[in-house]
Amino acid sequence: MKTEDLFEETLLAITVNKVRTGLTMLGIVIGIASVIALTAIGQGAQGMIQSSIQSLGSNLLVIIPGASKTFGSTVSAGLGSAETLTPDDSNAIASLSGVEAVSPEASGRYQIIYNGSNTQTNVLGVVSAYPQVRDLQVAQGRFITDSDNNSSARVAVIGPTVLQDLFGSSIATATPDMAIGQTIRIKNVDFTVVGVTQSKGGSGFNNQDDMVFVPLTVAQHFLIGSSQYLSEIDVEAQSQQVMTQVQNEITNLLLQRHGISNPQNADFNIINQADIVAAASSVTGTFTTLLAAIAGISLLVGGIGIMNMMLTTVTERTREIGLRKAIGAKKKDITMQFLTEAVMLTFGGGIIGIVVGWIAATVVSSLTSITTIISLSSILLAFGVSAGIGILFGYYPAVRAAKLNPIEALRYE
Amino acid sequence: MRQIIECRDIRKTYDNSGVKTPVLKGVTFSIAEGEFVAIMGPSGSGKSTLMHIIGALDTPTGGEYYLDGKDISKLSDDDLADIRREKIGFVFQAFNLLPRATVLRNVTLPLIYEGVAKEKREEIAKQALRESAFPEGFWQHHSNQLSGGMMQRVAIARALVNNPALILADEPTGNLDSKTGEIVLHTFQSLNEEGKKTIVLITHEAYVAEHADRIIHILDGNIVRDERNKNKRMAKTENL
Chain Z
1 MKTEDLFEET
11 LLAITVNKVR
21 TGLTMLGIVI
31 GIASVIALTA
41 IGQGAQGMIQ
51 SSIQSLGSNL
61 LVIIPGASKT
71 FGSTVSAGLG
81 SAETLTPDDS
91 NAIASLSGVE
101 AVSPEASGRY
111 QIIYNGSNTQ
121 TNVLGVVSAY
131 PQVRDLQVAQ
141 GRFITDSDNN
151 SSARVAVIGP
161 TVLQDLFGSS
171 IATATPDMAI
181 GQTIRIKNVD
191 FTVVGVTQSK
201 GGSGFNNQDD
211 MVFVPLTVAQ
221 HFLIGSSQYL
231 SEIDVEAQSQ
241 QVMTQVQNEI
251 TNLLLQRHGI
261 SNPQNADFNI
271 INQADIVAAA
281 SSVTGTFTTL
291 LAAIAGISLL
301 VGGIGIMNMM
311 LTTVTERTRE
321 IGLRKAIGAK
331 KKDITMQFLT
341 EAVMLTFGGG
351 IIGIVVGWIA
361 ATVVSSLTSI
371 TTIISLSSIL
381 LAFGVSAGIG
391 ILFGYYPAVR
401 AAKLNPIEAL
411 RYE
Chain V
1 MRQIIECRDI
11 RKTYDNSGVK
21 TPVLKGVTFS
31 IAEGEFVAIM
41 GPSGSGKSTL
51 MHIIGALDTP
61 TGGEYYLDGK
71 DISKLSDDDL
81 ADIRREKIGF
91 VFQAFNLLPR
101 ATVLRNVTLP
111 LIYEGVAKEK
121 REEIAKQALR
131 ESAFPEGFWQ
141 HHSNQLSGGM
151 MQRVAIARAL
161 VNNPALILAD
171 EPTGNLDSKT
181 GEIVLHTFQS
191 LNEEGKKTIV
201 LITHEAYVAE
211 HADRIIHILD
221 GNIVRDERNK
231 NKRMAKTENL
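Sequences listed follow chains Z and V, in order.
Mapping of the first sequence onto the numbering used here: position 99 corresponds to residue 99, and the numbering continues sequentially without gaps.
Mapping of the second sequence onto the numbering used here: position 235 corresponds to residue 235, and the numbering continues sequentially without gaps.
Everything labelled a hint here was simulated from the structure, so no lab data went into it.
All clues given are correct.
Below are the DSS-like pairs computed for lysine-lysine, each with C-alpha atoms no more than 30 Å apart in a straight line:
id : chain 1 : residue 1 : chain 2 : residue 2
1  : V       : Lys74     : Z       : Lys2
2  : V       : Lys74     : Z       : Lys403
3  : Z       : Lys332    : Z       : Lys2
4  : V       : Lys196    : V       : Lys236
5  : V       : Lys118    : Z       : Lys331
6  : V       : Lys70     : V       : Lys120
7  : V       : Lys120    : Z       : Lys330
8  : V       : Lys236    : V       : Lys126
9  : V       : Lys179    : V       : Lys232
10 : Z       : Lys331    : V       : Lys74
11 : V       : Lys20     : Z       : Lys331
12 : Z       : Lys330    : V       : Lys126
13 : Z       : Lys2      : V       : Lys126
14 : Z       : Lys331    : V       : Lys126
Next comes chain V alone, as it looks inside the complex (with noise of 0.2 Å):
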């Protein structure tokens, strides 16, 4: 099988004049294509450090991260730009959409920066729509005027306009309730399971890492636990 991401030794240490403070201490995993991986850790151990090293957002001051099989641990910041524009889709906590554009401008975005026609654009934008379970009678609505699961949902479809190698959600239930938490969630698992898309969950919560296929442990910089996850959580949708 095919390895998206592979991590060998992969250390950060931030330099604050001279003060040097390891956060990450030799992470060694790999994640082959079609997997739903939860990255699992309190505050503190180095879980966002790696979720902004494997997003091509920052790079490893040692060991070598190779995604979808290019070593891109020394690129500079416009060549990582380009890797996460072509390989990586982003889910943050916070949504992070255009409050005064429509829906479908906010998912169009990443295909602006590649230079897409725009009905080539809007296109691939429904597609994605479609693919995140978004209703179609929103999709003119602004960004701003729809509910906090909505906005997730926007940015799921928004993270798979690019057709990427990796979606990466960062606490992507952090900041809804559990009832929409639950459908962002199923979300994320039909399109694993039905779309074959790669998934890397960074969660501090062992509720929402259940519902991964496979959980990373980690804690003061080091991998603690690598394993499969057994009692798969699969999310309700009765409430959709």
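So here's chain Z without its partners, still in its complex pose (with noise of 0.2 Å):
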């Protein structure tokens, strides 16, 4: 037998009863359209998750102070809460090798006014490293030098929502050109605001985006009140590999400026955002494949549907196979043709599930943030498994109908 008869055979066959054939396929256009949108959704989320972390600056290495603890006392007070960290301790960092920059930061959320406008934000005392080490641009303007560090001098940069916080309104989108040159009062002290960041789309927490960046020396003089206090010291490593390395380092370095032996009581703790990154990408990951699996589920069910119908149809055709063995038809020839007609119904149901997928992935990314990733790798994937489980499903009624005894198939009432 020909391959195109073969091909001719299966088409005229599956078309006979368009109904039962679309509902059967509808289980396998089911279960592929879920493992693509699904896993669409969950690698989407991934890179989502992975660029947002990413954003927050390259090989960063990010060390805050540890618990507060009284002494004698188990109350903790929280991370980040002890003063422990000084600019000695950054200086010093700075001098390691494997170190490319080093960025010391005061923070505390203050109000901030301007004309009667007013916001309640974070307020960031920074150096000119800042930028470099977190991956902030500015949009206009400029960014805190080394000189308004050294002459205290009492500028500020501010964030995109800062700006339209202060200087937009309900109706009118701010500009940058708005607030370069004006004067904002931060905790009664006024500043000339000389730079604008570009937005990062943060959101959170963290959001660089509705910051306020001031002079560190500023900061810790009149806003703080503490020269020695850091809230956090951001340490970028020359490359990604050096960067376990520059971890141990520092670690070393400050239990010994502290005077501590047992690394179990150090008074800081460092964050590596590789490991941040990467417990973020398995989170993600497993997520995934949870929900690649739900999907897969249903492509087992539509699979066993598959079976259902090749049973009935096997049955209901068994003159059909007696008569085509009579004229010749081998074995092989039977099994073939039922074989085929089964992968045809997966392939085709693979087919239509990839695009509905890939729809449902379309629309799920236009509706929310999700930006949804259609891998290569996943329409191969479910090519492979709709063929996979035609063969699968239909091997057991493609063998029972070449099994038939045509004397028998040919009396079959």
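Grab the two chains, each in its own frame, and use the hints to assemble them into the complex.
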């Protein structure tokens, strides 16, 4: 039997009962579509989380003070509350090998006033290395410079959210031009706005768009009132490869500087960005697998539907099978015919399923903020799985058909 | 004259969990090329079993069967399928056409398994349809839109396409009324006389058997009479 004849026979057979064929295929369509759509959403979410973590800066190590404990007590005031990091620590870290840049920071939350508009937000005392370390760009104007810090200049760089809150209104969007050169008031101290940062699209607790940057020395003297206090030291390592090494060096250095012999009692914490990315990836990866597994169950049910239909078909067409055998069809011919029917059903369902899944993923990404990613691998997988299901669930009915005795099959009523 | 069928002491015993039922008890006969033979017997006589063996659908438990000079009594299922494809054209009582396929497609079906190209297939099929006097206007009709007599002639055309050594018809008029049965019998007679086809017709009706040149009577698994049919009936064709 020629291949084109095999396909023609199969096509003819599956178009005989279109409703039944359609309903059977629907099982596979739903299965494949949900696998495609759910993995696309899962992978999209994974990509989004990764890129938002990456947007915090590259090769970043964040050092925060440890929990402050009152002497002789086990009550902890929470991570980062102790005042254990100093500008001297920061300078010492800067001299370590493998360190690209160091950005000491001191932050507080204050009321900011401009011409009757006011907002409460994070004010961050920074040095000139901050934009490099935290991957921040200035949209207009300039950032805090070393000379601002040396001269304790009362200048401020504001984020786009702050810009809109202070200079915009409910009907008009504020432009950086409106803010630069103006004077804003933070904790009763006047600051001149010298720059506006670019939006990073972050959200939540550590939103870099909703921040005001001032020179570190100014923040310490005028806002916080302590020249030794640092809320955080951000370190950029020279490369991904040296991050762990740099982390260990910093740990040893700070333990030594703070006179702590047991690393268990360290009064600081180092957060490695790569660890966060890895943790987030593993969470979203597990989630994607879970979604795909749930979708896979519907695919399995669809496959059983195919098998059910094929078994019914074989019984219904017993006489036809008998005739085909009588006029010279071999076992192999009959097996191939029914197997091709099953595979064509699942394959057709697979193709429709990929299209439906793709549409579903596109709809989801247009309705929500999740960008969906339909990878080639998930499409190939769907193709392979649907063909595999056809072979798996079509094999038994096909073999049953091929085994029929032609005499009995021809007599079948 | 070349022998198409040579049966020597053909035996068939069904073994149903230890209970042996002999159905054919040593059948010997031969059929030459171009003969029109009826095998006649009541139900239970073993004629169906004999037809299955002659048609290479089943193998005997004893004896030898030569079809077109080749011993096929001990072949495997797939080898028998090859023999059926090459040597035998079947016509069944229940027509056994593919219901939602056209007449032309039904007739080409055996050639699909032979691997004949599509255009060539249809060419051969059209020739076979003409030979079995099937009206050309119905070639593209679906087989389930036809009358019984028409369906049986499609089946006859299908039996002709592989140019078989033997046409084997199992109660071909059993599902037809007498008038359409007559048409089918006429088709067989003209295929035999004009087309020089070898035809074996299995029936339980004496009237149908009398259309053949030779009648083999079978009863209880034995041939009881094998004779030339002196009063051959010619199928009436005025109602064609």
